[in-house]
Amino acid sequence: MRNHILTFVLAVLVVLASVSLRRVLTANSMNVGDAATLVAIGPSPCPLPPRVAAIGPSPAPLPPKASAIGPSPAPLPPHAQ
Amino acid sequence: MSGIQISDFLSYAGYILEAGLLVYLLVHGYAKRLWELVFYLVASLGVIATRSYTLHHYGLGSSQYWNCYWTTDLLLVLAAFVVVASFFRRACFQNPEMWQFVRLLLGTVLIAITVVSFFSLSSHKDQVFSLFIVQFSQNLYFASLVLTTLLYLMTLKMDVADERLGMLVCGLGIEFAGPAAGLALFYLARGAELSRLVGVYFFPLCDIGMILTWFYAVSRVPELAKAPRRRVDAAPAYARANISHV
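Taken in order, these protein sequences are the chains called B and W. Read in order, the letters of the first sequence correspond to residues 1254 to 1334 in our numbering. Read in order, the letters of the second sequence correspond to residues 898 to 1143 in our numbering.
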């Protein structure tokens, strides 16, 4: 029982630390899908996709910073340059 | 050479190094012993192939590419989480009770991250699934970063004899902590030229750093450290007889 409580407390601490780290390090972005401050894992020759707002009936214009982070060998779309 | 060209070069260098390490593992018969590395590398190469195909066919601004990118990112983060769990198991090889504890911890963290990611989407009811993928992927990324740090501390505390495991954990730490440090720098120097340089050079370098560290760990570092020789063996025969009476 004591081990289970200890495990639960440690798990909560890990999750709190992770969420706090994410909130601090991606604080530049108010939008959850803003590609500029999302971190992608692994080497990828493919560029990060535009922000989430671009999906849906009325796509918002892409801010210039949306492709500032991450490798992007493919050319940027016209509205992002 | 422009920044974009250097970024492309670094990205493709990481891509080629991953393929090279995978071939090395398979050719030298490490596929079974280091299955988690093979699993991660195959997942990563598969992700790159899928993203390239989708980008080529649907374009950068398409919803298909967006879904493909973040779904594959989630799969890759899950693969990395499996690698972290596997390294924990290796570290607890001689301590099954500790492994029971760690297994419960990993399961609880995964469930808690799922719950937190879901409840943080209360204001985005219309795009719950697509945004959940991003939220879950990002939260799990940082949870893996924290768990890798715990794993490294655990290997130091438990004095694990597997030297190769230590190097593999260091490689994973570069992959997770490097981009996090880059993001911290990006946050501190917002809008500055420095942040752009971090994005262009630092992130691909972290990937290359992890692969090179894994390469070194697999090819140069022995799996188990040699056990220190017992003093009794080194002592002469007459002294050994005396020691055995003590």
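Rather than coming from a laboratory, the hints here were simulated on the basis of the structure. Treat each hint with caution, since some may be false.
On the chain W side, residues computed to face chain B include the following (Cβ under 10 Å) [what the hints assert, rightly or not]:
#, residue
1, L923
2, V924
3, H925
4, G958
5, S960
6, W967
Covered by chain B, per the in silico footprint, the following chain W stretches (three or more residues, Cβ under 8 Å) [as the list claims (entries may be wrong)]:
#, segment
7, 1042 to 1055
8, 1060 to 1072
9, 1112 to 1118
Built from N, CA and C at the ideal position, the CB exists for glycine as well.
Counting residues of the segment 1042 to 1055 of chain W with a beta carbon closer than 8 Å to any beta carbon of chain B, are there 3 or more?
holds (count 4)
Holds or violated: is there a CB of chain B closer than 10 Å to the CB of W:V924?
violated, 22 Å
Let me know if the C-beta of W:L923 comes in closer than 10 Å to any C-beta of chain B, holds or violated.
violated, 19 Å
Minimum Cβ distance from W:G958 to chain B below 10 Å?
holds, 5 Å
Hint status (Cβ of W:W967 to nearest Cβ of chain B, threshold 10 Å):
At 7 Å from the nearest chain B Cβ, W:W967 passes the 10 Å test, so the hint holds.
Let me know if the C-beta of W:S960 comes in closer than 10 Å to any C-beta of chain B, holds or violated.
Holds - the Cβ of W:S960 comes within 10 Å of chain B, reaching about 5 Å at its closest.
Taking a Cβ-to-Cβ distance below 8 Å as contact, does the segment 1060 to 1072 of chain W have at least three residues touching chain B?
Violated - the segment 1060 to 1072 of chain W has 1 residues with a Cβ nearer than 8 Å to chain B, which falls short of three.
Assertion that chain B covers the segment 1112 to 1118 of chain W - criterion: three or more residues, beta-carbon distance below 8 Å:
violated (count 0)
Tell me if W:H925 is really an interface residue toward chain B, meaning its C-beta lies closer than 10 Å to one of theirs.
violated, 23 Å
In terms of the numbered hints stated before, the structure departs from hints 1, 2, 3, 8, 9, listed from lowest to highest.
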